[in-house]
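Between the sequences and the hints, there should be enough to build the whole structure, so can you do that?
If you're matching them up, the sequences are chains A and B in order. Residue numbers for the first sequence follow the UniProt record's numbering, beginning at 1 and rising by one. Residue numbers for the second sequence follow the UniProt record's numbering, beginning at 1 and rising by one.
These are calculated hints, taken from the structure and not from any lab test. Treat each hint with caution, since some may be false.
[Said to hold, decoys possible] Pairwise CB distance ranges, derived in the manner of DEER restraints:
id	chain 1	residue 1	chain 2	residue 2	range
1	A	Pro308	B	Gly206	41 to 51 Å
2	B	Gly206	A	Asp162	53 to 63 Å
3	A	Pro86	B	Phe109	25 to 35 Å
4	B	Glu406	A	Phe292	16 to 26 Å
5	A	Thr276	B	His333	55 to 65 Å
6	B	Ala3	A	Pro308	20 to 30 Å
7	B	Glu406	A	Asp39	36 to 46 Å
8	B	Thr80	A	His201	49 to 59 Å
9	A	Gln288	B	Arg409	15 to 25 Å
10	B	Pro149	A	Thr16	16 to 26 Å
11	B	Asn300	A	Gly19	15 to 25 Å
Here the structure is a predicted model, which is why all the values come from computation and not from measurement. No residue lacks a Cβ here, since even glycine has one placed at the ideal position from N, Cα and C.
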Amino acid sequence: MTMVQALNAAMDVMLTRSGDVVVLGEDVGYFGGVFRCTDGLQRKHGRDRVFDTPITEAGIMGIAVGMAAYGLRPVAEMQFADYIYPACDQLISEAARLRYRSGGEFTAPVTVRAPYGGGIFGGQTHSQSPEAIFTHVAGLKTVIPSTPYDAKGLLISAIEDDDPVMFFEPKRLYNGPFEGYHDRPVVPWAKHPASEVPDGHYAIPLGKAATVRSGTAVTILAYGTMVHVALAAARDAQVDAEILDLRTLVPVDIEAIEASVRKTGRCVIVHEATRTGGFGAELSALVQEHCFHHLEAPIERVTGWDTPYPHAFEWEYFPGPARIAEALRRVMEE
Amino acid sequence: MDAPVPVRAPLSLHVPEPPQRPGSEIDFSTLAVPPAGTARRPDTDCPAADMTDLAYDLVRVLDDQGHAVGPWDPVLGPDTLVRGLRAMMTVRAYDERMQRAQRQGKTSFYMKCTGEEAIAVAQGMAVDRSDMLFPTYRQQGLLIARDWPLVDMMCQVFSNAGDRLKGRQMPVFYSSREAGFFSISGNLGTQYSQAVGWAMASAIKGDSRIAAAWIGEGATAEGDFHHALTFASVYRAPVILNLVNNHWAISSFHGIAGGERTTFAARGLGYGIPSLRVDGNDFLAVFAATRWAAERARANLGPTLIELFTYRAAAHSTSDDPAKYRPENAGAHWPLGDPIDRLRQHLIALGIWSEARQEELAREVAEAVQVAGKEAESLGTLDKGPFQSARTMFEDVYKTMPWHLERQRRQAGV
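Now the structure itself:
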């Protein structure tokens, strides 16, 4: 199963299990979404459960907060994470704080799905990774899957969660894993073990990282597309790296990070988003707060450059396996 | 390089300016006020296109002698009328006491709704107790119309140990699920699209409850206003969209919000939403228009936009001084009068009220507010406490406290 199909299955399961779940967004209804994630859901669950909205991300978010306050569990799709900014007032000032400011009487259990990240020649308005804007907001949880299996289990958990959840989907991984070598043939999910996705309901708890490769030399902290790129980099650089797929950024699995870095004594942090103020900065601070006396080398960050996402220079911007391998070599030299 | 510019007459920018500023006499003589009883009352299933005139007219029921006239008279019984009068007087007495408490340093901030009491009170009475209200910050009358305890409201204003919101919100940002009163936000307009979402959810679930929302004329410039109208129109949401035009957004007159060339009610017409313009100081007109909109919503006929035409007689808040930007005492000259005086006059005209009973009611209301005030202050004030435990600061950010907040709570030593 592809990640698109896994996400579709998660929403199908939740729409079937609970009459309170609704799916809304631009083009998600009859057409089934520009990436096909909601294909067939309207036909199966009805027009008042899965429906198209006007083109207004702020409006979608305001509507979703109101629906959630009523008692529904809306799954709102932002067609691209790049389009999310108009919705920020409703997300940051409203959804994130409703439980707090009402003394727990009103809540906003909204799941916001948004395809993020580059690698598809989307230019600056279809390639961004804005996760750090939302990890900075008290009251929001932020989740990013890296495989079809995780995508289904995490999305089910997100919809069942009683707090608002930002669910960023690595669009470059929708139809196949991606190691960051843009000039190599596209690999389908079918050949990847994590494309085995069980039928029906299963949940992957939020706040738990996965160790996707065990190792002793260095810890790589990654999420989304970069999990696959990091695996390729460790393989190609022949470094015995331990790779953690964080899966949830807030609340982050500090125990898993601490255990791994204490073991390896080295840490490389990888994300596609721009560097300054990125989630890597938070991870770096956490690692030094929790593991300072175990560190044998400075923490390295491999990230997108601090520029808008360029169209023609996508692969110079993208933190590919070569850049990660360089960072691995640097931390191993210390 | 810019292209060469041909020689033409220079352009100039129009920046709206209110007719009077401090130092001149207030003059409302250019304000068009149609006589009471002249606006027509269409059936509740009337399409928006067949009632566009009502977005420019003014629905009024109470005439200058205090008689209820015309097709919009809601024909309310004496009990309902007296209840409305009592609630409006309670709002005014409550406002006076809380404003005084702020001046005495017992809290940080307060906002009165003087002159606008009929809006929240009549509207709160015209919908069902189970309908959901999405107010902005000048609708304290909704809680009072729903007989919500004054002590609970005061505790919120004092952020004291009895505050259900645990001292997290600044004064007047009430919230009560039990009262069907949604948590107020300072980011103006956000509640408008949320109300539409709530109403859509009610329709999805086959519920029979409707939603109502309030916004000021100033905040109609916010995107949320337009998102709300778009969604309400597209999905025929069972919602009443109230727009309180009190003519002032802090120091900016309604012209800065776009009120010079059209009415605010007319904003609804472009969305195909039936839109009414109503005398907001006329208890009966406000009640009748709200009932009309509620009937439409309950019959699955969709949203109504109601512009409540009124005047902010008091300052924006305790942090504001209107003498700096408008003639002094402007509210006293508002041609549509005072909502409490007008309803009192109506009761007297009906022969069911007297000045003596009015004084008696005023005494009762003053005493009730005083008793509540003393009780609330015994639970604490912002200057002296007591407050809820500072430990509660870390609660309710998430349903379950995550590790990082638990750690920060320990660091804070609470």
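message = For a quick check of understanding: which of the numbered hints are violated here, in increasing order?
response = 2, 10
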